[in-house]
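First to last, the protein sequences are chains A and B. Numbered according to this note's numbering, the first sequence spans residues 1 to 258. Numbered according to this note's numbering, the second sequence spans residues 259 to 969.
Because the hints were derived from the structure by calculation, they are not lab data. Computed from a prediction, not measured in an experiment: that's the story for all the values here. Even for Gly, the Cβ is constructed at its ideal location relative to N, Cα and C. Among the hints, erroneous ones may be present.
[Said to hold, decoys possible] Pairs of lysine to any residue residues, derived as SDA-like cross-links and limited to a Cα-Cα distance of at most 20 Å, are as follows: (1) 516(B) / 130(A); (2) 89(A) / 515(B); (3) 436(B) / 337(B); (4) 88(A) / 116(A); (5) 143(A) / 457(B); (6) 120(A) / 915(B); (7) 88(A) / 459(B); (8) 957(B) / 947(B); (9) 517(B) / 89(A); (10) 120(A) / 522(B); (11) 868(B) / 529(B); (12) 517(B) / 126(A); (13) 143(A) / 529(B); (14) 517(B) / 117(A); (15) 143(A) / 515(B); (16) 456(B) / 141(A); (17) 516(B) / 88(A); (18) 517(B) / 139(A); (19) 516(B) / 138(A); (20) 120(A) / 520(B); (21) 957(B) / 81(A); (22) 516(B) / 89(A); (23) 517(B) / 81(A); (24) 649(B) / 673(B); (25) 143(A) / 459(B).
[What the hints assert, rightly or not] Rough simulated footprint, nothing fancy, chain B against chain A, three-plus residues with beta-carbon under 8 Å: (26) 116-126; (27) 236-244.
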Amino acid sequence: MNHSPDYIRVCEVEKYYGTDANVTKAVDRVSFCVEKGEFVGVMGASGSGKSTLLNMLATIDRVTAGHIYYESVDITELSEDALSEFRKKNLGFVFQDYNLLDTLTIEENIILALTLQGGKRDAIQESCREILKLLGIEEIREKFPYQVSGGQKQRCACARALINHPRLLLADEPTGALDSKSAQTLLETFTELNQRMEATILMVTHDAFSASYCGRILFLKDGKLFHELVRGDKSRRVFLQEILDVLSLTGGELTDAE
Amino acid sequence: MLNKLAFRNMKRSAKDYLIYILTMTVVTALMYSFNSLFFQNELAASFMTNGVDVMTVMIGLATVFILLITAWLIHYMIRFMLEKRSSEFGLYLLLGMKKKAVARLYIRENLLLGTASFFLGILLGVLLQQILFSILFSMVRMEYHLQISLNPWTILTTFLLYAACYLLSLGRCRRKFKRMNIYSLMNAKRQNEEIREKHEGGKRILLPLSIAGILMFWAVFEKLSNTLEIMLFLIGLVVSIYLFYAGLSAWIICYVRKKGRGIYRGQNLFLLRQFASKVRTMQFTMGTLTSLFTLALLGASIALMFNDYENTVLEDKYPFDVQIYSADTEEDFAEERAVLEADTTVTGYYSYHIYTDEADQVNTWMLTHLDAWRERYCNADGSPNRTDIEKMLRTEGVYYPYDTYMGLTDYNHLRQMIGLEEIQMSAEEYLVQIKPRLYSEIQEIGGDLQIADGTGERMLKLREIVDDFFSQDGHNGADYLIIVPDAVLERMHPYYSELVVQTKGEIPMGLEDRLDALAGGSRYDLENMDEFYDELDEFMEGDYITDPDLCAGSDMIVVNASVNPVRENLIPEVKYLLSSVILPLFYMGLVFVCVAVTVLSVQQLSDSAKYKFRYDVLAKLGCGRSRIRLLILQQLAAYYLCPAILAIIISGRMILFVSRAFVTMTGVPAAAGSFFLRSILLFFGIYLVYFVVTYAGFKRNVEEKGQRMTG
């Protein structure tokens, strides 16, 4: 394995739940690398361990064994406080249920992410304006989350996740709660962010259509990594077919694929 | 099945609403222990006044208010839990349960919850009652034997009161159920979460408006004179309090929207928004809580004032065991001696005269120099207003229109009797014996008095002002005595006769009344509370005392009851009367504070699921655990302090005014602000307990199961 350009390295990571008598291996000796500027998807059925894996990458869950390196930093060795500091500086999150604060407006949700880092007022206003424009949610900046559509909420969540220029954007089923039109828009946004801003994205999904936007897909089953697909120069339609083939081989879910 | 479900739900609610149960337990305990005062016969019999036990009346009055507040709490909680659990009830309906059955289930749960806290409360109440009684009995110097027993009447009364609170609130709850449908039940929660921000700019004006209202209240408070004004004023004040919260949240929202500088610092944006939205949805409740806190602070402060009086001034006010007055200068006190010797073991008598020169230079000086009167009896240029002074001294019922003198020999003899050092002075000197609380006001008196010596040729010089307690409520003068060399008395004549008695051993109850009967009845019937309070009102309104039978010197708040004070009779009697003011005030204060803080705490705790989500989001944005704990603390503190501080500001004005008057008039050796400070401390003690419990519970709820991602 070539180590030098590796941005994120996951080495032999295991995660067990339960007591001695009844152990569930949620993640079982998983290893992979992510390069800078990649758009990686993690696919798997419910219970395959993909969310657990994401949580460990996101530093909000601890590994049972193994290591996760962000360049030279081994986050499995960091203390709780160091982890939240690390999270603040390096990671951005987008979740299925948006995780926006309902007492804050769209714009304020983004501002908060910056003020928590202790930025200057003018700089905050400037970068906030930029990102709102980039994601096309300028008009709704004054609105509260409950007043806007799911797609808009998710774009706000993306804006919040990206505003600090994180090393890695983690997305957990970002299209899960969206209608197909909004989902498509969001995924196009992801692709654009990936290409234009060179954002490194790791997206967990069980939906083949969403996954087809990725550059590379890792397939998880029963906590183990069992397959990998690379899009290369293939068109998205071809790539989608490949994904569906893998899923049909493994008895995966097809219902969401179009 | 329904019973089982109700029981299970009750157990679950008990965990969520632990604070509510605690408060209901405490309220029941307080109710039980105070209600037991209705059924204790020993004290009531000893201190019965015209067939009425004042304590019973006062506690009864307090109970009415407490009943109302408790009913409000229960009503609030029942409605609140209903809202929180509406989707669950919607589910029951969806599963085919009848609306009536669901309502019955909910009511049954609440009754179970109520019954549990009732029994816990009674247990606690039995303990509390022992404490209350031993304090009360030792206050009135009677022996109390601890007896852990349940009085069925007390339990029954407490139960009826408690049940009344519940029935009032549950009846309304049933009606609420009737109007609901499945859809609205299942969506009730979602509706609550919407943040409506409309006309915030306009509503913002409410904040300065309400602050202006409160400032106006500060300014005009002392000038209120009639009931109508006071009513209007109170209404205005209450409206200001309610508007304050609407204005406050609008102001914060506008500030955040305008992107004020402050929101760009750390977690301020989150805190401000959080606080504003909470205050917005809770503005009415917050207003009510502020009013409750204000009342509690007022009550506690006034109770503390009387309590201080009881423990300081009252203990020292009557240095002689028995003191008997007679207007007859030839009096030999034979009848009184006979009564005393029959009832007590007398160890010594001393009978003497108070003298007068039939002039009023000292009285005039007092009227024109003491704070209580100066403004009334001085002309604009500071000279005495003779007409008013004459009128006051002759017709308005002072103890003695002429100045009162005592010889040095008598004075020293009396001092010796009460264990004070004798005072030596030359034939050219005189002393002023004054009530301690007036000491500081009469420092200038020496320069103004003209008292001639025995020969009438030379003027005496003031040797010193003495401020020992010396029975100066009409016995050894009213407020003051001028002590002169014996030779000077030859120029004067006896004014009235006094007898002081020292006794040993126990003094029977009612000795005082028998002595008073010999003198032809009480000079003023203090025990008639109505009259007493009328006088007090008049005083407060600036009319001073007009009753010709009431001779109070310059003591105004607590006035001597009998002609012939028998210390061991009088002190317990006055203390019992004062206790009947102090105890109900504390009782109300405690209940009000507990109820108010409970509402605050329950509000916060039951929202913790929502907060858990918010703090999880913050954690994902990189907030460490310690920072989140700090945030929780700040958020809770802001929420708890806001109504408390507003209440302190509002009640502070009233309390400082009243306590200043109280200190001036009773001579309690305390700074006027101390009562306020002490009631704030007391209040914050309770507050802190609830705050800590809430903070701990809140933190536990937020940190439960660690910080996990959803989905």
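Here's how the hints hold up against the structure:
Proposed proximity of residue 516(B) and residue 130(A) is supported: the alpha carbons are some 19 Å apart, at most 20 Å. In summary, the hint linking residue 89(A) to residue 515(B) is not supported, as the alpha carbons are separated by about 27 Å, beyond the 20 Å threshold. Between residue 436(B) and residue 337(B) the CA atoms are separated by roughly 14 Å; this keeps the pair inside 20 Å, and the hint holds. Between residue 88(A) and residue 116(A) the CA atoms are separated by roughly 8 Å; this keeps the pair inside 20 Å, and the hint holds.
Note on residue 143(A) and residue 457(B): the hinted pairing holds, with a Cα-Cα distance of about 15 Å set against a maximum of 20 Å. Annotation: proposed proximity of residue 120(A) to residue 915(B) is violated, straight-line Cα distance about 48 Å (limit 20 Å). A hinted pair counts as satisfied when its Cα atoms are at most 20 Å apart, and residue 88(A) with residue 459(B) does not qualify at roughly 35 Å. With a C-alpha separation of about 15 Å, the suggested pair residue 957(B) and residue 947(B) falls inside the 20 Å cut-off, and the hint holds.
A threshold of 20 Å between alpha carbons decides the hint, and for residue 517(B) with residue 89(A) the separation of about 24 Å lies outside it, so the pair is violated. Taking the CA atoms of residue 120(A) and residue 522(B), the gap is about 7 Å. The hint holds against a cut of 20 Å. Between the alpha carbons of residue 868(B) and residue 529(B) the distance comes to roughly 15 Å, so the proposed pair stays at or under 20 Å and holds. Distance restraint check for residue 517(B) and residue 126(A): the Cα-Cα separation of roughly 13 Å lies within the 20 Å cut-off, and the hinted pair is therefore satisfied.
A distance of roughly 19 Å separates the Cα atoms of residue 143(A) and residue 529(B); the hinted pair therefore holds under the 20 Å criterion. Restraint check for residue 517(B) and residue 117(A): the C-alpha separation of about 18 Å stays at or below 20 Å, so the hint holds. Restraint check for residue 143(A) and residue 515(B): the C-alpha separation of about 11 Å stays at or below 20 Å, so the hint holds. Among the hinted pairs, residue 456(B) with residue 141(A) is consistent with the structure: their alpha-carbon atoms are about 16 Å apart, no more than 20 Å.
Under the criterion of a C-alpha separation no larger than 20 Å, the hint pairing residue 516(B) with residue 88(A) is inconsistent with the structure, at around 27 Å. In summary, the hint linking residue 517(B) to residue 139(A) is supported, as the alpha carbons are separated by about 17 Å, within the 20 Å threshold. Between residue 516(B) and residue 138(A) the alpha-carbon distance is near 16 Å, which keeps this suggested pair within the 20 Å criterion. At most 20 Å may separate the alpha-carbon atoms for a hinted pair to count; residue 120(A) and residue 520(B) meet this at roughly 11 Å.
As the CA atoms of residue 957(B) and residue 81(A) are separated by approximately 18 Å, the hinted pair is consistent with the 20 Å bound. Taking the CA atoms of residue 516(B) and residue 89(A), the gap is about 28 Å. The hint is violated against a cut of 20 Å. Among the hinted pairs, residue 517(B) with residue 81(A) is inconsistent with the structure: their alpha-carbon atoms are about 30 Å apart, more than 20 Å. The suggested pairing of residue 649(B) with residue 673(B) is violated, with an alpha-carbon distance near 35 Å, which exceeds 20 Å.
At roughly 16 Å between alpha-carbon atoms, residue 143(A) and residue 459(B) fall within 20 Å of each other, so this suggested pair holds. Counting residues of the region 116-126 of chain A whose beta carbon lies closer than 8 Å to any beta carbon of chain B gives 8, which reaches the threshold of three, so the coverage claim holds. As drawn, the region 236-244 of chain A meets chain B at 0 residues by the rule of a beta-carbon pair under 8 Å; below three, the given contact is violated.
In the structure shown, a violation is registered for the earlier hints numbered 2, 6, 7, 9, 17, 22, 23, 24, 27, in ascending order.
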